[in-house]
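Please take these sequences and the hints and turn them into a complete structure.
UniProt numbering puts the first residue of the sequence shown at 1, with every later residue one more than the last.
No lab work stands behind these hints, which were simulated from the structure alone.
Ideal placement from N, C-alpha and C gives every residue a C-beta, glycine not left out.
Just to be clear, a hint being listed does not mean it is correct.
As the list claims (entries may be wrong) - Here are the simulated distance ranges between beta carbons:
(1) Leu4 - Lys33: 40 to 48 Å
(2) Lys32 - Asp3: 39 to 47 Å
(3) Val30 - Leu10: 40 to 48 Å
(4) Arg5 - Cys25: 40 to 48 Å
(5) Gly9 - Val30: 37 to 45 Å
(6) Asn27 - Thr7: 41 to 49 Å
(7) Lys33 - Asp3: 24 to 32 Å
(8) Leu24 - Leu4: 25 to 33 Å
(9) Met29 - Gly9: 27 to 35 Å
(10) Val26 - Arg5: 26 to 34 Å
(11) Asn6 - Asn27: 29 to 37 Å
(12) Leu10 - Ser31: 27 to 35 Å
(13) Cys25 - Leu4: 29 to 37 Å
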Amino acid sequence: VVDLRNTVGLKMLKRKSRRIVVNLCVNLMVSKKV
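Written out as structure tokens, the structure reads:
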């Protein structure tokens, strides 16, 4: 039996971490351009 709360939490964590990684990449690109 899969715990729904666990899977939803994992999905949210993945989304948050992915968003953070994208933000870091964008910051690196901007800092390199400037």
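These are the hints, each one checked on the structure:
At about 44 Å, the CB distance of leucine 4 to lysine 33 agrees with the hint of 40 to 48 Å. In this structure the hint that lysine 32 and aspartate 3 lie 39 to 47 Å apart at CB holds, the actual value being about 43 Å. Range check, valine 30 to leucine 10: about 30 Å between beta-carbon atoms, so the 40 to 48 Å window is missed. Distance hint check for arginine 5 and cysteine 25: the Cβ-Cβ separation is about 30 Å, which falls outside the suggested range of 40 to 48 Å.
Between glycine 9 and valine 30 the beta carbon distance is about 32 Å. The supplied range of 37 to 45 Å is therefore violated. Checking the proposed 41 to 49 Å range against asparagine 27 and threonine 7 shows it is violated: the Cβ atoms sit about 31 Å from each other. At roughly 45 Å, the beta-carbon separation of lysine 33 and aspartate 3 lies outside the given 24 to 32 Å, and the hint is violated. The hinted window of 25 to 33 Å between leucine 24 and leucine 4 holds, with their beta carbons roughly 30 Å apart.
At roughly 31 Å, the beta-carbon separation of methionine 29 and glycine 9 lies within the given 27 to 35 Å, and the hint holds. At about 32 Å, the beta-carbon gap between valine 26 and arginine 5 stays in the expected band of 26 to 34 Å. The hinted range of 29 to 37 Å is satisfied by asparagine 6 and asparagine 27, whose Cβ atoms lie roughly 31 Å apart. At roughly 31 Å, the beta carbons of leucine 10 and serine 31 sit within the given window of 27 to 35 Å.
A beta carbon spacing of about 32 Å between cysteine 25 and leucine 4 agrees with the range 29 to 37 Å that was offered as a hint.
In summary, the numbered hints that this structure violates are 3, 4, 5, 6 and 7.
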